[in-house]
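Asker: Listed in order, the protein sequences are those of chains A and B.
Count along the first sequence from 1, then add 3; that gives the number in our numbering.
Count along the second sequence from 1, then add 236; that gives the number in our numbering.
Where hints are given, some of them may not hold.
Claimed, not checked - Computed cross-link-like contacts, DSS-like style, restricted to lysine-lysine with a CA-CA straight-line distance of at most 27 angstroms:
#  : chain 1 : residue 1 : chain 2 : residue 2
1  : B       : Lys340    : B       : Lys329
2  : A       : Lys212    : B       : Lys547
3  : B       : Lys301    : A       : Lys129
4  : A       : Lys115    : B       : Lys251
5  : A       : Lys115    : A       : Lys130
6  : B       : Lys251    : A       : Lys130
7  : B       : Lys254    : A       : Lys77
8  : A       : Lys129    : B       : Lys254
9  : B       : Lys547    : A       : Lys18
10 : A       : Lys129    : A       : Lys113
11 : A       : Lys130    : B       : Lys253
12 : A       : Lys103    : B       : Lys474
13 : A       : Lys212    : A       : Lys18
14 : B       : Lys253    : A       : Lys134
15 : A       : Lys261    : A       : Lys243
16 : B       : Lys547    : B       : Lys519
17 : A       : Lys129    : B       : Lys251
18 : A       : Lys212    : A       : Lys306
19 : A       : Lys55     : A       : Lys18
Source of the hints: derived by calculation from the structure; they are not laboratory data.
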Amino acid sequence: MIKVDQLTKSFGKIKAVNGISFNINKGEIYGLLGPNGAGKSTTINMLSSLFKPDSGTIHLNNTDLFSETNSCKKIIGIVPQEISLYDELSAEENLFFFGKIYGIPTKKLKNKIHDLLEFIGLSGRKKDAIKTYSGGMKRRINIAAALLHEPKILFLDEPTVGVDPQSRNRIFEIVERLKSEGLTIIYTTHYMEEVERLCDRIAIIDEGKIVGQGTLEELKKMIGEKEIVELDFATSDKEKIEELKTILPFEAEITNNKLAIKCDKNKDLKEVLNLVSKLNLSIADIDFVAPNLERVFLHLTGKELRD
Amino acid sequence: MLFTLFKKDMTLFLKDKKAVLLTFILPILLITLFAFAFGGTGKKKSNPRTYTVLVTDLDQSDSSKETIKQLENLKGLTLINKNLQKGKDLVKKGERLALLVFEKGFSEGIKKTHFFKTTLYFDASREIETRMIYSFLMQHLSQNQGKEILKNRVNSFVSNTFSGMPPKMKQNIINTISSENNASPIQIEMQSVMKEKSTKENIGLIQAVVGTAIMMLLFSIANIGGSLLDEKENGTLKRLLYAPFKTTEILFGKMLTALSISIAQLVVMFIFSWLAFGLNIFKDVPALLLMILCTAFAVAGFGIFLVSFVKTRQQLNGFSSLIILTMSAIGGSMIPLFIMPEFMQKMAVVSLNYWGIQGFYDIFWRELSIIEIAPRMLVLLGIGLVMTLISIPLFKKNIISL
Ligand SMILES: Nc1ncnc2c1ncn2[C@@H]1O[C@H](COP(=O)(O)OP(=O)(O)OP(=O)(O)O)[C@@H](O)[C@H]1O
Ligand SMILES: [Mg+2]
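Isolated chain A, as found in the complex (with noise of 0.2 angstroms):
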């Protein structure tokens, strides 16, 4: 349904997005997940095609977007990142203008509006200025005008940013709708959590790179199946750290005085703490974590996800 072939798009110095590649099936929720900066609402506004790319391709239902924007733009909705709307208009307002800019019927718009608005729960405040709305609020209407035309592929770009975890919750179900109803969306963000409930597949991008891909499952598979033990230490010595790394007979990463184990904790824990004791260090703190995003993304990048 989505085909991206070796994407670049550069502002002056800043290589943005820097040949991203990723296919998507037909009813699938992809997640893009990666910090501030990494390129995320540079590769949507490409796939809306609000930017042309320095190079590379992007074919939507196999067809290349560039040379038929038009039929192109009929089947994509895009929530954008921040809340573009009329604030002086009503949510009815704003609904039917950027309905009637796709060209769609005034009777069977007024319908979809109904309906759409029933769907985000918003039915009650229809009439109400969009700059009286709540934050949450206006994040439901900002993806409802991006559903007026029923298109078959859906970006949403961060839907979720700055909103409370009750309105998170109903923007996750009414994605889940959408996926369920058998839209192909692109979702990104830069909390773990949505893309392990929401997401079928997963591209972790940085710097304008994808870094790793697949499911989660996949994902997590790329940092070992084995649990990480956590020890924190007292001391700051960082040559002991050291030293005990490269005695330890597993895999470990050393993040400020912290040692991250991959190791089973039921089996391997008394050898490690054995090797503690024997370099005369003192656990100050030890934490089992099982493998998660954080880890994969931490693996893949040398850096945590929220800074």
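Following the hints, put chain B with the ligands in place on chain A, whose structure we already have.
Answerer: Frame of chain A, contents of chain B with the ligands only:
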């Protein structure tokens, strides 16, 4: 598509109380202010200004002397006797407004041909003031000389037709007829450079209305254009770009809005001036409507040009104030052109205001026909068109590039 964009813009405009205020209320206040400042409160004229005119009597006849005496008695006119050469010099140097010359054969002219043989020399750079003097003189000369001419006419008619009539009887008839107040209108032609005026619209009022209206129009249209930048800033422009239609339609949608609001604003201004100050807007309705349309088009073009030229709302605000104030100052929106020195008047043609103001002057003051005003209308349409054409690439470069 254009209509959808237009409808949305109009809805937004009407919800923006500040914009509505700027477009309709502020100009009304300013027009009122200027109308009083220029003494232009329509029919209820306050003290008319006094004009000083040089006069030379080359005829030295009884009737020329009598006429000069009558003119001297008029309120609002001061006559100073000067010889022909000196008088012409003073007018040339711009020290005096005009010189009225009673040519040789003035009295003969009245008796035989019923013409005033007079010439009015005037300072070209003060054309409009001279026009005022001219119509002022015309009015009083025709009133006062009417009786004299009538007397002469009756005299010659009676003498020619009833040559045998006793002199006493003839005198009686003449006296009776010419003493009547409703002396029949007499056609008078004056050897002058200018066409006669039929009505005397108050020039101060025209200046106040037209000058202010065009300046305020520019301001409110810059604001309408600015809404395009607001759309860029609040992200709605992005949504417009997501939709399947040509990007230039966004620009033309704005143009349509600007055009409609301009027309509405000008119409409201003229109706207000009519109701409040008695400006006769029904003199030439088709010409007025056409002029409104052309002015609105030029201003709308200017508006989208401005907005395509800048990148942010702040830039627009600074830039548009500068351009509009400059154009208004040199184009005659603030200070009437006719009191500016000649080189300033020549420079005025570079401003949009000039063409609009002069066009409306043509209608209300010079009373030209549509055909005669057409060149000005074409200039306005040209300005609008050129501005629009320049805007298209600029718009793509500055606005669409997010
Ligand atoms: N219009 C632009 N002009 C110049 N630089 C840009 C522009 N848009 C994005 N960039 C740069 O490109 C890089 C990627 O930005 P992008 O907005 O795609 O990141 P993102 O992944 O969406 O981040 P965020 O999570 O903060 O939204 C950044 O370094 C940004 O500064
Ligand atoms: Mg982004």
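Asker: Each hint: holds or not?
Answerer: Against the structure, the hints come out as follows:
no.: 1; hint: B:Lys340 <-> B:Lys329; result: holds (25 angstroms)
no.: 2; hint: A:Lys212 <-> B:Lys547; result: violated (31 angstroms)
no.: 3; hint: B:Lys301 <-> A:Lys129; result: violated (85 angstroms)
no.: 4; hint: A:Lys115 <-> B:Lys251; result: holds (26 angstroms)
no.: 5; hint: A:Lys115 <-> A:Lys130; result: holds (16 angstroms)
no.: 6; hint: B:Lys251 <-> A:Lys130; result: holds (14 angstroms)
no.: 7; hint: B:Lys254 <-> A:Lys77; result: violated (37 angstroms)
no.: 8; hint: A:Lys129 <-> B:Lys254; result: holds (25 angstroms)
no.: 9; hint: B:Lys547 <-> A:Lys18; result: holds (24 angstroms)
no.: 10; hint: A:Lys129 <-> A:Lys113; result: holds (12 angstroms)
no.: 11; hint: A:Lys130 <-> B:Lys253; result: holds (19 angstroms)
no.: 12; hint: A:Lys103 <-> B:Lys474; result: holds (15 angstroms)
no.: 13; hint: A:Lys212 <-> A:Lys18; result: holds (10 angstroms)
no.: 14; hint: B:Lys253 <-> A:Lys134; result: holds (16 angstroms)
no.: 15; hint: A:Lys261 <-> A:Lys243; result: holds (12 angstroms)
no.: 16; hint: B:Lys547 <-> B:Lys519; result: violated (44 angstroms)
no.: 17; hint: A:Lys129 <-> B:Lys251; result: holds (17 angstroms)
no.: 18; hint: A:Lys212 <-> A:Lys306; result: holds (15 angstroms)
no.: 19; hint: A:Lys55 <-> A:Lys18; result: holds (14 angstroms)
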